[in-house]
Structures are given as structure tokens and as C-alpha cells.
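Below, each chain spelled out in residue letters.
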Amino acid sequence: MSSADSPDVEAQRGDAESVDEDASVRSVDDAVLNVSNLHKHFGGIVAVDDTSFSVERGSITGLIGPNGAGKSTTFNCITGVYEPEEGSVTFDGTDITGWEPHQVANQGLVRTFQIARELPEMTVLENMMLAPKDQLGEHLWRSVLPGARGAVVEQERELREQAWETLEFFEIDHLAEEYAMNLSGGQRKLLDLARALQTDPEMLMLDEPMAGVNPTLEEKILDRIHALREDGYTFLIVEHDMDLIMEHCEHVIVMHQGGVLDEGTPEAIQSNEQVIEAYLGGEV
Amino acid sequence: MSTDTVGSDGEDNAPAPMVRPSWFADIGRIAAVVAVTYAFFIILGLLAGLNVNYMMSFLERITFYGAVFAMGALALNLHWGYTGMFNIGVIGFMGVGVYAMSFVTASPDASPAGLGLPIPVGILVGFLAACLAGLVIALPALRVRADYFAIITLGFSEIVRLLVLSGSLRTLPGGYGTGGGSGISAPRTDSVVPWLQSKPVTGEIVDSIIWAGINLGGVPDSVMENYIYTGILIGVVILIFLLLTRIAYSPFGRVLKAIREDELAARSLGKRTDRAKVVVFVLGCGLMGLAGMLWLGRRTLVNPNNVRPIWTFYIFVALIVGGAGSNTGSVIGGFVFAAFVYDGPRYLQRVIESFYEVQAPPTIADAFVSSNPMAVIDYLVNSMDEIRYIILGVVLIVLMIKRPQGLLGHRKEIAAAVDLSRHDTSRGGANTTDESGTTGSSGGESDE
Chain A
1 MSSADSPDVE
11 AQRGDAESVD
21 EDASVRSVDD
31 AVLNVSNLHK
41 HFGGIVAVDD
51 TSFSVERGSI
61 TGLIGPNGAG
71 KSTTFNCITG
81 VYEPEEGSVT
91 FDGTDITGWE
101 PHQVANQGLV
111 RTFQIARELP
121 EMTVLENMML
131 APKDQLGEHL
141 WRSVLPGARG
151 AVVEQERELR
161 EQAWETLEFF
171 EIDHLAEEYA
181 MNLSGGQRKL
191 LDLARALQTD
201 PEMLMLDEPM
211 AGVNPTLEEK
221 ILDRIHALRE
231 DGYTFLIVEH
241 DMDLIMEHCE
251 HVIVMHQGGV
261 LDEGTPEAIQ
271 SNEQVIEAYL
281 GGEV
Chain B
1 MSTDTVGSDG
11 EDNAPAPMVR
21 PSWFADIGRI
31 AAVVAVTYAF
41 FIILGLLAGL
51 NVNYMMSFLE
61 RITFYGAVFA
71 MGALALNLHW
81 GYTGMFNIGV
91 IGFMGVGVYA
101 MSFVTASPDA
111 SPAGLGLPIP
121 VGILVGFLAA
131 CLAGLVIALP
141 ALRVRADYFA
151 IITLGFSEIV
161 RLLVLSGSLR
171 TLPGGYGTGG
181 GSGISAPRTD
191 SVVPWLQSKP
201 VTGEIVDSII
211 WAGINLGGVP
221 DSVMENYIYT
231 GILIGVVILI
241 FLLLTRIAYS
251 PFGRVLKAIR
261 EDELAARSLG
271 KRTDRAKVVV
281 FVLGCGLMGL
291 AGMLWLGRRT
301 LVNPNNVRPI
311 WTFYIFVALI
321 VGGAGSNTGS
331 VIGGFVFAAF
341 VYDGPRYLQR
351 VIESFYEVQA
361 PPTIADAFVS
371 SNPMAVIDYL
381 VNSMDEIRYI
391 ILGVVLIVLM
401 IKRPQGLLGH
411 RKEIAAAVDL
421 SRHDTSRGGA
431 NTTDESGTTG
441 SSGGESDE
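Keeping their order, the protein sequence lines are chains A and B.
Here the first sequence stands for residues 1 to 284, where the numbers follow UniProt numbering.
Here the second sequence stands for residues 1 to 448, where the numbers follow UniProt numbering.
Looking at chain B on its own, in the form it has when it is part of the complex (with noise of 0.2 Å):
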């Protein structure tokens, strides 16, 4: 019957090697993404004339936020993309791990008071303390159907939430506690630069990047721990993509995949389909947890408004943007929104503004009863800020109805430890290796 339909289809592609994406191509296609932004905002900002420190601490920041919404989207690929469990709690992971790490490492002098412990331990610590969250969690919230699991995620970010908001936690004995609105004062999470330089081998590395960001650059010194401190981030994606992608082409990944798609499927199988779903949403969160640390633990304070949901909504949005179910539509989708649609609305003010003088009326009314002409677009300009929420809505939009699977997430991504083309055809397998070369030099193509 409609075998003709198909049958012709697979014929074509019976002979054609399998596309499998190997990492290190990936990694370049990443590469090449960032690159071209940063070459799109140089040379915007080239044009514009704007100041060069204005626009490396730009370009800083949206490589920041870029690893911070790719380490979020990672995660929640893991949870969401892979595996079909609908978080629609991230920040309260996060949340756990931030407190928790912030706890640890605050001094014991200070109000409230923390543990005084070194960084590295309070990253450990906030990294168990959200994933035991995340167990806690899994053991009751994953015997109910997907919908109610999302109002259960939803509901354990709003209880993180309104815990460490809650008057009654802000103090407790012993001088310890949330801080309530006010959070909890830790040390900064880049101090983690000065502790790797005073560490031997690391030390030399990190002294002489600064040297060199000083006397080349003519960068300030703490400028160069910033950079610095955003490459550690770096690396840290970097970890977690290989990992997730080796979970991604494993069998596990095929049993995650398979309870996206069926779960009674898998379980007629024979699949431990409750294991598996504990140990990927316990790990997931972690990751959250990871990433909530060396986001919010830059700064020197962490308080309730730092854990507000609309943190989960981004990461959700750079997760669509990049594409669900994709490694490296994750971090390619993090990137992105950072830079386009997080950061990039606030520079093109900067850049609007450096071509002519901007002169906003006050209020919209104003503004459209104003008899200068360019009065409405002037007030937009001015309130760029407020404007990326619009911009943030409209991209959802267009994604939705012209590109609903994301930049990367039709793409085959074959969940298997090896290639499963036919093996004893000898073409088949020198095809395969060609295709994984040229799959790396022509990225650009299949990301439109």
C-alpha cells in the first residue's frame, strides 16, 4: 500500500551513509556561531564608533550569559529534550544549589552567617544539595502523569522560592539563616581566579594570561579575572556537552529517547524505564544546580529575586531557540539568546544612539501626540529594556509557527555507542567517515 510512498524514500537513502555528528564537528559549529556574533557586534559597534572597552565588556557579557543559558539549556535538554520530563522548575534547582553553596562559603562572621568553607567545597555541596533536591522530588513526582509533573517542578521552584523569603528562616539559632529579601552575602565565585593563582601550576598559567592581557591589551587587571573567570565557564560547557553528548549516543540515551517517545513502549521491552527517569532528572538537577552557582555566584549576594520563574522561561526559550532534543542546539540556542535577545536589544541602543541624538518623551501618549515624527520611535529606543520582553515574545512567535523544532533539533542524532550503518558494505563505512569530516567545514548549512 503506501510501502510505494516510503519504500522509494528509504531506496534514496538506503545507499547513503547515516549523518552522525561527532563531537569535535559540533564543537566547531559552536565555534563558528559564536564567532560570527562576535563579528555581527564588532563590527556594529566598529561602525558606531562606540568605545571599545564598552564594547569587549559587551561581548564579555553575552559570552557570560551565552555559558550560563547553555549550561541551564543543557541540563534541561537532558531533562526535557532527551528524556520528555517537562521541568518547568529549573530556578528552584538552581536556587538550592546557589543557597547551598552560599551557605558553605559565607564567612562565619557574617549575617547570616555561613560555614567559611573554601569555593570549591561549597560547588560540591551545592552541586548535592541539588540533586539530593532534585531525588527528593523524583521519587513522588514521577509516578504521576507528565502534566501534573510539570505543576509539581513548578510548584517546588515557587516553595524554593518562598522559603528563602520566608521572615520565619531568616534567622535561625547559631546566627545562621536565609537572609529573608536581603539573601545571603557570599564571596564571589570569580574569587576562584586569585585561588587558582595562588595555586603552582595554575597560578603561572592565570598570572601570565593577566600579564599578558596587561601589557598587550592594555586590559585592567580586573578585567582580565572577569575574562578569565568567564573562560573557566567555558570549559565547564564544554564538560557537560561531552558528557551529555555521551550519554546522548549511548544505549541509556536510546532508553531516555524511548521514554520521550513511549513509555509503555519501553517497559514492554523489558527497560527499567523508573530508574532510568530517576537518574537523569537527579542528574539534571545537579546540573541546574551547577549552573545556578557559577551564574548567581558571581556576584557577592544571592537573594529571592535572583530565583524568580522567569529564569526558567529563558532557559526554556534558549532551549527552543537551539533545539530540543540537540546537545549542540542547546548551547547554540544559550549563545544565542544571550546575545540577541538577553543582551544584544541594549546594545543596538547604544549603537541607535551613537547615530543620532534620541530624544524620548516621557510616556507613550507623549509621544504620539508629539509633533516631532520620530517621537514613537525614539520612546522605543529609550526603553530598549522594556522592549526585549516584546522581542523575547515575537521570536517565541515566529519560532513556533515557522521553525518549531529549533535551529538543530531535526537533525538525526542517532542514540547508539557506534555508527549502525550496514557495516559489511565497505563503501557504506568510507562514506561515513567522509560525511563526519565535511559535516564539521560545512556547519553554516544545515543551522538556516
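In isolation and in its complexed conformation, chain A is listed as follows (with noise of 0.2 Å):
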């Protein structure tokens, strides 16, 4: 891999399919994500059933639903931390139904996850230098052998530039050398985001990623997933605050009782009365 994970580099990716000015349109074919006929149950409870949904590529996707409707265990089992019942998942083309989390990761579907999960007792960037993918120096012999070293070394050189762009890109530089443990909720989830996008990947899914974020900050990672998403990169979002979700999101997908309740347009779901009376309030 060589540095194409900073965030100008692919600027180029994004100009090649600046298309959606169109983008509630939905054409399927050009889904980057299907999920299908999803099933997973938990001793008694079914948790997904008969999931189904695609991700159109370059979208930020909202999924929303009330609690227990199943998003989290839909984001488990795509991400491989479940493995579905039924159903399959396909990823660019791909069939990575039950893989492995690292296996789903190193195709180019990266997570984050609702309780961000940095590491506490390793710095910013240490975080940051542990999420390339493909590093020469995971392997054993090549960080030990005195001659197989120099390239882990080189590659460091380049993982440590790319690191610091990134944190500039989200304006978290400033706590690089801190433990990560140090940070605040808000620049955990900063932090959580800027690692996932250290591993070079096509979609991003964040899992509530604005949970207890002040509104500050809430705009400073919108932001950032704006300028993101013009560079190409896909998202699936799941939150709970309706006003972002239909602000920002141009494709809604909403999650009743484990299975698909609907989906669409922000405004054609808010003029879904089944919606409205599922997870909006239940006032017609």
C-alpha cells in the first residue's frame, strides 16, 4: 500500500463520480453495500429478521429506528463480530457473509463503533500508526531480523507523515502525544474516525457517532464526513437525532422490530405514517 489514504489523494476518487446532485434517485446497481434476508437470533429473541437493504456508493445512508429495533446487531453481523443466521452480505462485489472482523476490515469496510473503543493506555498516535493496513513490521521476523528491518522502518517514516495529516485533518494534532485514555468523549469519537480512516477504506459505518458530542464538536465531525464523502467515501450512519439524520443523510433507511420498516428519501419517511408512529412520537 503506498500513502493513497490521505485525505487529498482521494480527492481524485471523488472527482471521478461527482454524480450526486441526483443522489435520492436510488439506482441499486450501483450499490457498494447489499444486505439481504439478514437473520440473527439471541436465545429467544430474534434481534434481525429478514433484513434487507443496499448502500448506494458515495451516499451517506442514515439507519435509524427506536431502540431494539436491531441497527447494532445489523452493523455486528455485516461487520463480522456476528455471524448472520441466514442471509448474505456483499461488499463491492464481494460475498464476505461470516468473515472474520479483520477480513471485512481489510476489504475496505471499516466500523467504528457506538462507545468509541480507542486505545486507553496508547498514545493519539500510536492509535493513529496502528490502523494502516498491510504493515510490513506486523510480521515478527521482518521487526526483528537486523536486515529485514530497514523497510519497516522506511514504511514507519511514511505511516507517521500520513498519521499527522490526518490528525491535522481533524484538528486533533494538538493531542497527538497524549494517552488516549486523556481525551474527552467528543475527541474519542474524533479519534475513532480519523483511525478508521488510517486503514484506507472505501465505506465507513459509524455507529452513533455523535453520541454525547456537544453540538460544536457534532459540527466539526459532520463537517469532516462532508468533505469526506466529496472525496468518495460511502457511509452508513446509524443516530438517533432525527433533525441530523434528515439534514444530512440523502437515503433513510428505518428498522422496526429487527426487519426493514422503510426506506427513502428523508422527506418521503417523514410522511410515512407507519414511521412516524414507530419511532417519531406516534403523533399523526
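Quick list of simulated restraints, FRET-style, between CB atoms:
| id | chain 1 | residue 1 | chain 2 | residue 2 | range |
| --- | --- | --- | --- | --- | --- |
| 1 | A | Thr90 | B | Asp147 | 33 to 39 Å |
| 2 | B | Asn305 | A | Asn67 | 55 to 61 Å |
| 3 | A | His226 | B | Leu239 | 51 to 57 Å |
Just so you have them, the derived chain B footprint on chain A, three or more residues with Cβ under 8 Å:
| id | segment |
| --- | --- |
| 4 | 106 to 116 |
| 5 | 123 to 130 |
| 6 | 133 to 139 |
Keep in mind the hints are simulated off the structure, nothing from the lab.
Just so we're clear, the structure is a prediction, and the values are computed from it rather than from any experiment.
Glycine included, every Cβ here is placed at the ideal spot set by N, Cα and C.
With the hints as a guide, dock the two chains, each given alone in a separate frame, to form the complex.
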């Protein structure tokens, strides 16, 4: 891998497909992620029941639903944390059903967690340096044998530049040498996102990226997400804040009781009475 | 929101160069701790007018045990300090190494019989056997949760002890076997020294060291051999230290730390944590086997009593004293533990005895009813061997309350093969080199 994951270089990818003016019109054949008939249950509880949807390449897609609707379980089934009992997940033309989390990530589908999972007793920079994939030095012998270590050191220098660039992009470079555990909740969310980007993904799945984030920082994160979308990244975002979803997503999927209740543009969703009843509070 | 609190802190740190401990400065730091400890005991001994030979053999003992505990703590640090794998079966892997080596090197005529191969072959086989044991344990054990993993390793170490103790393995067809409770008689590992003497280049070096010892220091031949053997151990500790430091400052070490911190997060970033865990577990077990061989192989006999779980506990305490997560801390912890907790109290007893005559009553009850007001203290001094365990417990409790991270545990040791400071600020780069220079000279400071 080269330094292809710096945001600037990604811009080329964005130019290649700047068609998103018309994003509300869905063309399924440009789906980067396809989920079909997913099933998952825990004991007697059916968490995900026959869920199917697809995510368009280069879009910001929202996934909403009341608590217990199966959003997080769906996330976990897609990213390999759980293995679905039925159904399939296709990412970028490859069937990734039942893959291990590291395989899914290396395929270019990277997630963040509802509660930020920073590596607390590692510095922000170490967190960032961990993420890039296919690092030579991850093989023990390359890191240890005298002759082989030169290439590792060389690559570390490149990755260091890239880490600093990304930290600057997220404006947390002043925290670079802090232990991640010393960061505030919002800063951890930023770090989580920045770190996920370091893996050079195709698509990012963000599980409640704004939970516990103050409005100023929320603006900042949203700015970053939009900037990255311009660069060609695809986003699937689980979020509870309806205003936010309606304002920032071009496509919304509503889950309820383990299945997909409705999907469409924010406007269409808002006027669906079932959705209003299930999620928006019931007042028609 | 809390951007301010952390931010201001970070702002202060941002221009400051990152402290990147260099292995060279760290070896200096370890040497300083050892030198201070030697000086402490020598001064104490001189004040008490102890026999010089006794003092020398004491220093040799704490160096030998210091090296053994350092090796154990380094290997355990790789498992627990770095990767977060709570291995409480350390002695089991040591035992596998020692028994395999003893079997390979014991004389074919002895009972139980061995293969009679040279010691270096025995050490290699012992190392590989411990690695293999690690692999066999790792495959099932790393699939379960951390606490069950700990139980499996503890179970393994007891299985090893009970197996070698078992009557049915005592003598096997062909005269081989574990020897049951009486163990295997193997050649002393410190016959490595005569072996070195028989080789062309090393022979001359060893001969001249022994000559110097006899003629300049008046030290007997056999004692010099002990010194040389301990010297070899120190060399092995340095090699292991360098190997593990290289791992620590590498992307592989970064993955290990990430496994310790949050394995699912590491997996979600595409890291093959399962593979890294197996590799590191096997390597650590091999190093534990090596430590066991160099420790127990010094005697002519290995028996099941040598592989009791208390040794796992000792090594854990050594690592906790030094600071889990730091290789430098592991070595310092191993030495400090050997000098002050494992062996020091006995020395102290000799020192106290040299100042006044200890008249110890036979039991603690007698001490309390005795008319002599010093009787209780006399009793305690006289039972120093047992008091050591109380000291051990007190040290552990005080450490857990006052400094749970150990002597060096809270130092930032950044897992990367290069300095991660911002490259383009030339000022930062210049300062960094300065800093690594000063960490060595002002070593004592951060040890406190």
C-alpha cells in the first residue's frame, strides 16, 4: 500500500464520480453494500429478522430505528462481530457473509463503535499508527531480523506523515502525544473516526458517531464527513437525532423490530405514518 | 467541552519532544540499579565485618537469581505486560523446558536414563519443547475468555508437576522416565564452562578470566566457574532484552499492545490478532523454558519440587515490582526482587547477628512470655527465612496501593520503529536526540 489514504489523494476518487446531485434517486446497481434477508437471534429474541437493504456508493445513508430495532446487531453481522444465521452480505461485489472482522476491514469496510473504542493506554499517535493495513512490521520476523527491519523503518516514516496529516485534518494534532484515555468523549469519537480512515477504507460504518458529542464538535464531525464524502467515501450512519439524519443523509433506512420498515429520501420517510408511529412518537 | 482541560495540557506537550527511551540508555539504567544494590550490600557487609567470601558469594547469588527472575519477568512481560495474556502457568513452561533438556542430556547409564547428548543440543530441544507446549496450550486456550485462559495455564502448570511426579511415568521401557519424586539427574548446565574451555577461542578467554581470578583475586577455581556461568546468564538476559525491545518498538509490538487494550477494536481495524497472539504466546513460552533451563540446570538434579506454582508467583511479583509493560522494568524488577526480597533478608540476618548475639527462643509463644525484652525480635531475626514470605506480601500490598504501575510501568514507551514526533519541525528533532541522551545520565530520577 502507498500513501493513497491521505485525504488529498482521495480527492481524485471523488472527481471520478461526482454524480451525487441527484442522490435521492436510487440506482441499486451502484450499490457498494448489499444486505439481503439477514437473520440473527439470541436465545428466544429475534434481533434481526429478514433485513435487506443496500447502500449506494458515495452516499451518506442513515440507519434509524427505536431502541432494540436491531441496528447494532445488523452492524455487527455485517462487520463480522456476529455471524448471521441466514442471509448474505455483499460488499463491493464480494460476498463477505460470515467473514472475520479483520477480513471485512481489510476488504475496505471499516466501522466505528457506539461507545468509542480508543486504545486507552496507547497514545493518540500509536492509535493512528496501528490502523494502516498490510504493515510490513506486523510480521514478527520483519520487525526483529536485522536485515529486514530497514524496510519496516522506512514504512514507519511514511505512516508517521500520514498519521500527522489525518490528525491535522481532524484538528486533534495537538493531542497527538496524549494517552487516548485522557481525551474527552467527543475527542475519542474524532480519534475513532480518524483511526478508521487510516485503514484506507472504501466505506465507513459509523455507529452513533454523535452520541455524547457537544454541538460544536458535532458540527466539526459532520463537516469532516461531508468533506470525506466529496472525496468519494461512502457512509452508513446509525443515529438517533432525527434532525441530523434528515438534514445530512440523502437516503434513510428505518428499522423496526428487526426488519426494515421503510426506506427512502428523508422527506418520504418523514411522511410515512408507520414510521411516525414506530419511531417519531406516534402523533399523526 | 473538556477540550480545554485536555487541550491545554496537550498544548504544553505539543512542542516538547517525545521521550523515546533508547535501549542503550536503558541498559545503563539497569546497570546503575545493579551497581547501587551491590554498593548497598557491600557497605552493609563491611560495616558488619562479614566474611569477604560470604559477601562475594551473596553478590553472585543475587546476580544469578536476578538474571533468572529477569528472564522470567521478560517472558511474562511479553505475555501479560504487552499482550495482556494472563499466563499464571509460567513454571509449567519452565518445567517442560528443564525436563526436556534433562532427558536429552542425562547420561544413558543413569537411572532414569537420558540420551547423553551435549548440553547445547539439550537447551535447543528444551526451548523447542517449551514452544511446542505453548502452541498446544495456545490453540484451545486463546479461544476462551481471559479469565478462563488464566485457569487453563494454571491447570497446565499443575498437570506438568503432577505428570513428572506420577508413579506411572517414573520408569518407562528402556530405562527412560521422569524419575518420579526423585527427578532426573542431568549434568550441570555450568559444565558449559568446561565445555567453553575446551573450544579454541572461548577456551582462551575463559582460561584467562579464571587465571586472573585465581592469581589476582585469590578466588578458587570452582568459584570462578560460577562467576563465569552467571556472566553467561547476564549475556542471555541482555540478548532477550534486546530481542523484546526490538519487538516492543515495532508495528508488531503495536498490535500486541492493541490486543491488550481492546482486541475487538484491533480486529475491526483489520489486525490478525489471533495469529499475533499464538506467535507471541509460543515465543514467550520458549523463553520461559530457556529461563527454567538456565536456572534449574545449574543443579545436578531436577525434581517436581522445583516446579511448584510459587515460582510463577515470584515471577509475577518481580514483574509487578518493575512495572508490567516495560522491558527495562522487567529486568530491574527481577534483580530488585532477587536482591531485596528473595535473598536479601538472609543477608540482613547475618548482618544483624554480627552486631549482637541473637538468642532466639524455640517458639513465638516462648518469645512473648520470655523475660528478655528482645526475645520477640530475636525470634523474628532467627526465622528470617520464613519472614521473607511476609515481606513479600507486605511489598506487594504497599506496591499495589502506592505504585500499582511498578517502578517503570508508567513510562511512555511508544510502540513504533521510528520517533513519531512531528518530523518537519527541525527543532523537535534536535531536542529528541538531546532527550534520549539525558534519559541515560539522569537515570535514577524516574526510577523513584
